[in-house]
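S.K.: From first to last, the protein sequence lines are chains A and B. Sequential numbering from 33 applies to the first sequence in the working numbering. Sequential numbering from 205 applies to the second sequence in the working numbering.
Since the hints were derived computationally from the structure, they do not count as laboratory data. From a predicted model like this one, the values you see are computed outputs, not experimental measurements. Glycine is no exception: its CB is placed at the ideal position from the N, C-alpha and C atoms. Among these hints, one or two may not hold up.
[What the hints assert, rightly or not] One side only, chain B facing chain A, incomplete, derived with CB under 10 Å: (1) Asn-279; (2) Gly-817; (3) Leu-900; (4) Pro-929; (5) Leu-975; (6) Gly-977.
Letter by letter, the chains look like this.
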Amino acid sequence: MKKYIATLFIVSICFGCSNYIDLKPINEINAENFYKTEDHAFAAVMACYSNLQNLNYYGSNYFQITEYASDDITSKLSNSNDLDNLNWQSIYTNPDPNANNFYRLWQFIYEGVYRTNLLLEKVSKNRRDKKPAIPFLDEKSRDAMLGEAYFMRGLHYFNLAIFYGDAPILLETPESAEFPGIMFTKRDSRAKVFKQAIDDLNLAIAKLPAKWEGNNVGRATSWAAKALLGKIYLHRACHLPDNRNEDFLATKQILKDVIDNGPFALIQGNWASIFSADNEYNKESVFEISYAKFGSNGFFHDGGIAGENSARDLLFGSRVGGSTGYSELVATQDWVAKAEIGDPRVRQSLRFAWDDDFTIVGNDGITKISGLTYTPNFAKGVMENGNELGKYFNVKKGVDNYGAGGLGGVFSTNNYRMIRFSDVLLMYAEAANETGDPTEAVAKLNRVRQRARGLATKYMAARIIKQLPIDESFRGILFDGKKDPKDTTKFLAGHGPIRLSVISAYDGFPGTSEVTFPSDKNEFEEPIVGDFPYFTYSEFADFYDYRGRGTDKSAIREALVYERRVELAFEYHRFMDMQRWQSLDPNHPGAAEVVFKSKLDSDKKAYNPAIHRLCPLPQREIDLSRGTLTQNPGY
Amino acid sequence: MKLNFYSKLKILLLFCASLAFAQETTSTKTIDVKGKIVSGVDDKALDVRKGDGIIGATVVVVGTTRGTQTDFEGNFLIKDVPVPSKISVSFFGFKNEIFDVDGSKSDFTISMSSDAIMLTETAVVGYGEMKRSQVTSSNVNVGAKDIARTINIDVASALQGRATGVQVTQTSGAPGAASSVNIRGNGSINGSQPLYVVDGVPLDVSEGNVSAFNPADVESMEVLKDAAATAIYGSRGSNGVVIITTKRGKDGKGRIEFDAMAGVQNVWRKLDVLDATQYKAYMKDVNTNSGDSASVVNNAYITTDQSTLAKQANTNWLDQLLQTGSIQNYNIRASGGNANANYALGIGYYNQQGTQKGNGYDRYSFRVNSDITPKKWLKIGEAISFSRETSKKGIEFAENALTGNPLLPVFNTEYTSANSLTPYNKVYDPSLPLIDQPNAFGRFNQENRTITGLNDMRNPVAANTFIRSTKEKFRIFGNVYAEFDISQAIGVVALKGLKYRANFGVDIFKETSVDIRDKFEAGLTAIRYPRTEVSNEERTNFSNVVNHLLMYNRTIGEHDIGVTVGMDAQYFRSTNLQASAFDFPEGIYAIGSNIQTDRSSGYVISGRTLENGLYGYLGRVNYAYKNTYMATINARYDGSSRFGPNYRYGVFPSISLGWRVSNMKFMENVKVVSELKVRVGWGLTGNQEIGNFRYLQLINPDIIRYPLGNNIYQGQAPTRGLANPNLKWESAQQFNAGIDLGLLKNKILINIDAYIKNSVDMLVPVSVPALSGATDAPFLERVQYFTNIGSISNKGLELSVLYRSENKEFKYSLGPNVSFLSNKVTSLSTDKPGGPIIDGNGVSNVEVGEPVSYFRGYVYDGVIQTKQEADSYVGNKTVSGSILADISNKRKGVGDAKFKDVNGDGIISEKDRVNIGSPIPWMTFGFSFDASYKGFDFKLFVQGSVGQKIYNKQRSDLEGMKNGGGPQDANQLESVVNRSTRTNPTNMPLAYTNDPAQNTRISSRWVEDGSFMRIKNVQLGYSLPEKFLKKVFKSEDAISMRFYIQAQNLLTITPYLGFDPELANFGRDSNGRRVISSQVAGFDEGSYPQARTYSAGLQFSF
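Let the hints inform the model, and build the full structure from the sequences given.
M.R.: Here it is in structure tokens:
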């Protein structure tokens, strides 16, 4: 009996073997049970890309900050409620360190830093957590993933350098948020941040493949990394005077490699098709941030914090005609007015009344719908109610039902072309110009220009064919070298093939694109969509000397400013370009101060380079750090 | 060996005794005295039955050191006892007996009777029982009699107003609604519900509801309030523990009890809204004040067109939803037993039809408890219950009913048959007259709107009919135990009182919820279900508990020693599976039935399993000397799966001391005091209700995707913040001091306790820099990181008095009790940045220096009466350009509300929002009065609380007159007839569309005093004389029969204007569902008012 009791007693004590509390989550993936297979690693890579496409980053917030601050974009104040809802802040219209979008940008850049750091830590052969390395079938896959992490981390640090200047560099994930640790992180100098971006990109170039196949197309390539590296060098050259010349040379060198040896080319013919949703990852795309349609409510998926759609269409998109866009970001009249007469990119970057689903009323060229008036004055006042943007969706076919009253106008599934080959060419041209090589600069500039300008004549021809009035500013069309006849239609009716030349209404602009007309009448039915023959400018001199300034550096600078502004309009480059030109030379024709001084819009005259060259750090971050983080001057 | 040990012990004891009674007597004649000491009473607490020998009683020759202890049979032998002499017999829990030895008799049988009141009563404590007289912590006992006095939906509600320091709130007047219980204030924003332990099986705290248990089965509830008592529950002890003990059989003849009760229910309060005429006048005002002249002209509200007027109804939507509810409760119980076994069986049925149409609840319960003693050394038993609860629900109470447009009709008569499958989907035909017709609900369609100019709204009656949810919950709950009396088993008297007990318990329940939406249209835009939808959720919870206890309870001389050591482990698992689908043929609502549904229409299937576990060692030592000086030490070493490896285990100790002053010599002359005990205690307890695996960094895939090519790839990254391996217990230190006082031979019993409870290491979200990178996705505004830094202080005083008259004929007792509480958040961060925690409702805040969930808002300053007043009002000052010094940036005129510029900065801005009220009552009270005269008895129970504020959100919707930002054209309370106009200001602001001046902003205008006193229950009963019954039933056995009538919630006195001042702490979860929250209190969105119930019942036992 005693033994019996004793045994029971022992049993009771030995029950300590119980495993009731050593539990792990059954449903949830966690850092303990994840990062073990190649699939896991791939999912971690996707998380890094997903961060880029997030609404708080390139999906919306990035362009709210960059575009609205520029002289290209204004908000359509008629929808001031929307504006309030979006709570927009630009650097100088409302430079509030408490503003949400400055905070979000900072937050999501650092989320990107965190995710890329995590990827590096988990995918590296020597893991920081001392766990066995993830096995890969092919070590190249591991390298590629590490390369992608470096590529994106470099991009994040580049963004930090250009937006915030000095910023903390974090190369490891914080183990926990315990006090003080991550709370008290200091800013590193802008030079260090740039250097980190460049170092990361160099590592990325070494590890990334030159090409992806199949469903992997869209992941970063070594060419994308090179192009991005060139961009970073160019920005650093402008922002930091110390190694300016070397940086311009580095830009030139690395972009020359991309231009000469890379797989990219300019799309000829339909310029707008570069941006159409069915033409993603085209030969001109160096790197894109990908969007797709997911379900019916992707945009607001999970509270609107992530998803697969961009808010671009929501904010840029038209509100008329049953569309659900806010048309919050519209082109400034300045952008429209400063464009060269006949530059077809104006037409193709803005939304026009006859586009898409808009019904043309009458044949008088005056189109009225939903309070919008379209005056086909090519260069002056495109839309009465705001120059709604057309890029990315101003293509008659191919994009989801933009403007058709469906949700297509909200949920943009169209990829953002973050780096295009024309950007590469123009950056190269700029570096060449700054380093005393005007010939190269002009050559690359003209490649971009010729591709685009070739369309102008075609467009005019189409309008003539359609018997639409030709605006007075196009009187400068020469028919077989002769002046515009009084009655164009009559003149053309009895005419055989004819050579058209476009002459600008502005002085000294010898636009001489030519087309033989009509080679095939049908060719001109759809002036924007169809394939166009390739036109070349007859002479280099036709272009560079257009204001009689020769090929000196400043003239080419001016030409580049214009070309970037029009070629890359509404692609989130303009403001950051203005900022770097401001740093490079306060008298640069594209310098923010110079630009804003000449502006007509009163709301953007407040630019003060001493303050507005950088974004404010989020006040919240400064408060949390108890002042360890410092604010940028002036805020 | 055995004898050796025994002898040694005896010697030791005798030695002790010799010290105590160091006095020798001299006598010559001696005899040997032998005898048997038996119990004169049945006493469960003392573990004896009448006639049993008392083992180990001390038998001493008075005035000498000579004595002995009784053996296993209760026998003793003392040799050479001088004659004459007195022999005293003492044993704990019994009155000391002294008998004379005069030489005439040498064999005695002494029957001991139990000690005075309180002494023999046992108190249930964690993992055991104790003599109540020796309890040194603050416990409250609520017995079966008290429980039976009110109509209790669940067991916890019986505590309401009875246990000091325990705040019980009915979560709603809905049938089957559970109670929310706070013991000694809110100790954590992460959960402050107590731990329930039913027959030794702790329930899952997060489930927090005991509705499955039939109150009629409950023998007693012991509320452990004090850390000194709850420390033995370690990581679950800090919010108090409620130990529920169910009824077991007693010795004696079998007994059958039957009781039945039935009654009717109505809501105790309704809110009056505008009728059609008043409503039209109000809408006209809205339009006038909004300057919307166009809508005035075309508006239905001023139309004189007879055909339109004829179509306008005068509907009171609330009345349409309400009904007279009913309540029924039946219990049958059989119990009995003998020395070797006892049993208790009970069957209960409870049914309630709610005061809102379509709502109901019922519960079947079955319980069997028994104890068997097959061997002297072995006792085994079980307590097992089975229950099934079902509840039916329509829409949430009064949702849209009060705001419903009275001009709209409830029913339509005729329908077109186009595009409809059922009568419910028919379209209103405006050409036909509107006549009520059951089961025919029309939508208010576009045509109707065009004709009458009425905005669309949801038809609450239709919604209540076509949206239905039913819930069914099966629960099997119980435990089995085996208890070994080790000394009996191995025959060692010295080990008397040493017992080993093994307990195994399970709690298994399965809950099935079915939500059905019929195809219907009950409004044009507001609500429209073009498809049938069924969603079905099954949740299975499993918990098992194992504990092994070694208990030693012994009285040695004047020393009472109790030792309990053991281990305790419990495991919880909850699995849920949810599925929903559309387009069922109407009338067939079961997923899984053989129905072809349109796959493209979307099935949703989800599920998950959660686990957690606890494992710990526990111990208690209690010691009492002379039943006068007492000490109890508890400790538990507890581990929980919820914590990081660095802090998985914690130690929770407590100590409490007691002194029964009334036992002291100097008190002998203080006749008025019959009992006086002073207690102090300190303890450390924990709270592990922080959710599972918060210490781990979870990787949440839902929101991370990236498209490449034709695929959308799932990304994986942590999105719930950073890991915190140091996550640990929330803990509470509590200091308690108390006095138990009995006056006039315990005719008056007074109990006073004061406590300070500091909850520390509360898990709170701390803002961390965004640059840390691990975004907490749901909380973009603040990257959150949970860490143990918050603290809350609760201080309180509790007082209860019981007076019992001793009249023979007219007996009565009076029992007031009152509790005072002060609650304050003392820190949310120490060295770490943190900020107030603001609930999503915009009103409730948790902030340092303020009570938990206090209201933060503007200070309402009345209505602008004159133009001069408007001009001088600070909110009308110009700040810059056209910006006014008020967040509304709208110029205010006569009839608009004013708010105070609290900080005096000249601007009425967010910074002027201050504490406008605390939802925590500073006093809660209860009062009971019982009287009986001959066969009649009368019981009255009053309960209430004082000082809590309620933010009447419902009134802000119903008296705000903002006509926007909610249901369109919302109807308002009748009180708005008193509203201002521009020319005739009153003390109530204007009606407006969309409230541009923000007169309805969160402000003290909506904060009301929520104090109330409620006559919870009045009962009048009559018991038939037993003699008569015995005659009628020709029975010899005891028999009783009682009839009674009662009224529950008969009268409520309160200044509060809403439905009910008794408000549960409802917050909303991430899905917008109302859940009990520890961060929200006193926020009234419109509760289901308590029912006033009239019932009659019968209790019969034989």
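S.K.: Decide, hint by hint, whether the structure agrees.
M.R.: Tested hints:
1. Asn-279: With a minimum Cβ separation of about 23 Å from chain A (threshold 10 Å), the hint on Asn-279 (chain B) is violated.
2. Gly-817: Cβ of Gly-817 (chain B) sits 3 Å from chain A, so the hint holds.
3. Leu-900: Where the cut-off is 10 Å and the nearest Cβ of chain A is about 5 Å from Leu-900 (chain B), the hint holds.
4. Pro-929: Result: holds, 7 Å to nearest chain A Cβ.
5. Leu-975: Hint on Leu-975 (chain B): holds, closest Cβ of chain A at ~4 Å, below 10 Å.
6. Gly-977: With Cβ-Cβ at 2 Å, under 10 Å, it holds.
Against the hints set out earlier in the document, a violation occurs for number 1 only.
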